[in-house]
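Undergrad: Could you put the whole structure together from the sequences, leaning on the hints where they help?
If you read the sequences in order, they're chains A and B. Start counting the first sequence at 1; every next residue gets the next number (the numbering used here). Start counting the second sequence at 323; every next residue gets the next number (the numbering used here).
Honestly, I wouldn't trust all of these hints.
Said to hold, decoys possible - Residues from chain B that face chain A, not an exhaustive set, calculated with beta carbons under 10 Å:
(1) A463
(2) E472
(3) L608
(4) G611
(5) D616
(6) T629
(7) A630
To be verified - Far from chain B, some chain A residues (derived; all Cβ distances over 12 Å):
(8) L45
(9) E48
(10) T54
(11) P56
(12) E62
(13) D63
(14) G82
(15) E84
(16) S92
(17) E110
(18) L174
(19) D222
(20) P224
(21) C244
(22) S251
What the hints assert, rightly or not - DSSO-like mimics (lysine-lysine), calculated; alpha carbons at most 30 Å apart, straight line:
(23) K593/B <-> K271/A
(24) K417/B <-> K538/B
(25) K2/A <-> K538/B
(26) K198/A <-> K181/A
(27) K2/A <-> K95/A
(28) K181/A <-> K271/A
(29) K593/B <-> K503/B
(30) K20/A <-> K2/A
(31) K198/A <-> K271/A
(32) K95/A <-> K324/B
(33) K95/A <-> K216/A
(34) K2/A <-> K417/B
(35) K503/B <-> K520/B
(36) K216/A <-> K324/B
(37) K593/B <-> K520/B
(38) K417/B <-> K324/B
(39) K538/B <-> K520/B
(40) K324/B <-> K342/B
Bear in mind the hints are in silico, worked out from the structure with no lab data behind them. Yeah, the Cβ is synthetic: ideal placement off N, Cα and C, and Gly gets one too.
There are 2 protein chains.
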Amino acid sequence: MKRISIGLLGLGNIGAGTYKVLEQNRTHIEATTGLDLRITRILELDQERDRGFTVPPGVFTEDPSAIFDDPDIDIVVELIGGIEPATSFMASAMKGGKSVVSANKAAIAENYELLTETAASSGVGFRFEASVGGGIPLIGAITEHLCANEYTEMHGILNGTTNYILTKMSEQGLPYDDVLKEAQELGFAEADPTGDVKGEDVANKLSILMSLVFGKRVRPEDIPTRGITRITPEDFREAAENGCVIKLLASAFRAPDGTCECFVQPSWLNKTHPLAEVRNEYNALLIRGNAVDDLVFYGKGAGPFPTASAVLGDVIAIARRL
Amino acid sequence: MKRISIGLLGLGNIGAGTYKVLEQNRTHIEATTGLDLRITRILELDQERDRGFTVPPGVFTEDPSAIFDDPDIDIVVELIGGIEPATSFMASAMKGGKSVVSANKAAIAENYELLTETAASSGVGFRFEASVGGGIPLIGAITEHLCANEYTEMHGILNGTTNYILTKMSEQGLPYDDVLKEAQELGFAEADPTGDVKGEDVANKLSILMSLVFGKRVRPEDIPTRGITRITPEDFREAAENGCVIKLLASAFRAPDGTCECFVQPSWLNKTHPLAEVRNEYNALLIRGNAVDDLVFYGKGAGPFPTASAVLGDVIAIARRL
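TA: In structure tokens form, the structure reads like this:
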């Protein structure tokens, strides 16, 4: 059994979900991978909150350097979100020789070169499957199993909040404001939904995918982005009369000469399109490779447990190579 | 650039597709992986057939030992199909220290222990993504990115021929024999379709998945299997009256006590089920993990180029670790 020590940054919803899944599936993970994964330090200010499990004494810390300077820690898992201090924390961990796993789309989209180059120059692993599509293993498939393909096109439904709102508007004929309010009450939308409904969250994810799929760095603020805030029930009626539904799509194309374009916008999809039936909080990506043709990946794009699945998959991938 | 020498067993449709995709995407693969993949020997008796490309002099051989005994060959790609001599060839290559990539579901389902144990005892890689779901990266996702999950259930449409026939029967109301004949004329069914329509091909794939998903070895002949040969237009009408379609499903369940069951049979699916809209020659797998919940993977489950995508993905995965 190979023992791997993990320093966890952040024990919010995603961090707590990751902790729980690791404990719940520990026997399974040990049996199938031969890895003994231990969260030995957790950076978190809120140490009293009831998360449904007890963190052993001495694991919590309020001092980041207690993790970055701990020679026993192999992998740092960054789940605090936001651009800073997350980016600085990840870079510090890498420079200290620790591999990094992150679910942080905002920090990675904003600082892609810094983080990937720091990981490379430090000789450490850096994986971020959970940053796009939650539990759906998109990044692994694109960068590993499908990497013999040249990709020509992709279309993604990459935000559960907006897809939930559009699904309810479409199926119930209700106006945007009513559905948003219901989504907030049910926990499918945040109290401040701006980043979701204006498309910024999707632009962050598309920015990451552009680097991985087409090798093109496009900053999120340079992606033409339109959200869903001005969509009306009339828009859905018009789409339906034309045999279509409306989805907030992240789309990207690569022309034969290598030029790429990408955008985020509410788009009509024919009802027979493979993404048309992706309802509620689900996410999906359609990607076209020149050998494999069209592939669609579908699943839960958010939530503590699906995200934990991706985070722990990355941790295991790095741990296997340590 | 790391140079990797490949010995290819078989230059039929899949072998030729793999050769073509490697040549077509060579620049892309070199740029993104740093690997210079070279097919240096090809075992094939039919060396005169016009495949649309020219094999350089000295690459063809009729002698398997010319590949197994060649110290320069790193990876053997087995694409001859059938249980023997494919199994013996793979085992010989492994014992000679060569990693093996295969698309051969029949040989792997029949000889799973022999092949995986020979690979392990020889310290070589053994990958077979293309054996289940063609170009869809199912095995990689299940064994790598999702491996923190305990799986509870899966349902697959894993045979393009039968799904094509069922789709046409469903949508056109035609009897089985007429649709089979049309499928044969269009190349979606073989001249002898027995292995497909009786469900044996799906049972082979489900046998492989049972080992990977549930860690349970179930020989294909021990999987309760019913094919599609006795399905009638009346069956489709009855299903439609109940809001359902009929699909040939490979299904497997794991109970909380660890016992598993699996079977292959034509099954009713509610029209809103994520697999109900998988039409014609497409394949899909729904798998449920205890962290990630339901995931669906959809794409082309056969054909030279999708299969080549999976084969080359496996070659690259092994080559990166050599």
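Undergrad: Against each hint, give a clear statement of whether it holds in the structure.
TA: Hint by hint, here is what the structure shows:
1. A463: Given a least distance of 5 Å, the restraint on A463/B holds.
2. E472: OK, holds: E472/B within 10 Å of chain A, min 5 Å.
3. L608: Since chain A brings a Cβ to about 9 Å from L608/B, closer than 10 Å, the hint holds.
4. G611: Holds, because the Cβ-Cβ distance from G611/B to chain A comes to roughly 6 Å (cut-off 10 Å).
5. D616: holds (6 Å)
6. T629: With a closest approach of 9 Å, the T629/B hint holds.
7. A630: holds (5 Å)
8. L45: The claim stands: L45/A keeps its Cβ more than 12 Å from every Cβ of chain B (closest is about 26 Å).
9. E48: holds (26 Å)
10. T54: holds (21 Å)
11. P56: holds (21 Å)
12. E62: holds (28 Å)
13. D63: At roughly 29 Å from the nearest Cβ of chain B, D63/A sits farther out than 12 Å, so the non-interface label holds.
14. G82: Its Cβ never comes within 12 Å of chain B, the nearest being 24 Å, so this holds.
15. E84: holds (29 Å)
16. S92: holds (26 Å)
17. E110: holds (24 Å)
18. L174: The claim stands: L174/A keeps its Cβ more than 12 Å from every Cβ of chain B (closest is about 21 Å).
19. D222: Answer for D222/A: holds, closest chain B Cβ roughly 23 Å.
20. P224: Given a closest Cβ separation of 27 Å, the condition holds.
21. C244: holds (16 Å)
22. S251: For S251/A, whose nearest Cβ neighbour in chain B is about 18 Å away, the distance exceeds 12 Å, so it holds.
23. K593/B <-> K271/A: holds (14 Å)
24. K417/B <-> K538/B: holds (25 Å)
25. K2/A <-> K538/B: holds (24 Å)
26. K198/A <-> K181/A: holds (16 Å)
27. K2/A <-> K95/A: Holds, because 24 Å separates the two Cα atoms, which is no more than 30 Å.
28. K181/A <-> K271/A: The hint holds at about 27 Å.
29. K593/B <-> K503/B: holds (27 Å)
30. K20/A <-> K2/A: Holds - the C-alpha atoms of K2/A and K20/A are around 21 Å apart, at most 30 Å.
31. K198/A <-> K271/A: holds (24 Å)
32. K95/A <-> K324/B: Roughly 27 Å between the alpha carbons, so the hint for K95/A and K324/B holds.
33. K95/A <-> K216/A: holds (25 Å)
34. K2/A <-> K417/B: Since the Cα atoms of K2/A and K417/B sit roughly 27 Å apart, the hinted pair holds (cutoff 30 Å).
35. K503/B <-> K520/B: Holds, at about 16 Å.
36. K216/A <-> K324/B: The given pair, whose Cα atoms are some 24 Å apart, holds under the 30 Å limit.
37. K593/B <-> K520/B: Between K593/B and K520/B the Cα gap is close to 24 Å, so the pair holds against 30 Å.
38. K417/B <-> K324/B: The hint holds at about 24 Å.
39. K538/B <-> K520/B: holds (23 Å)
40. K324/B <-> K342/B: Distance ~21 Å between K324/B and K342/B Cα, so the pair holds.
Violated hints: none; the structure is consistent with every hint.
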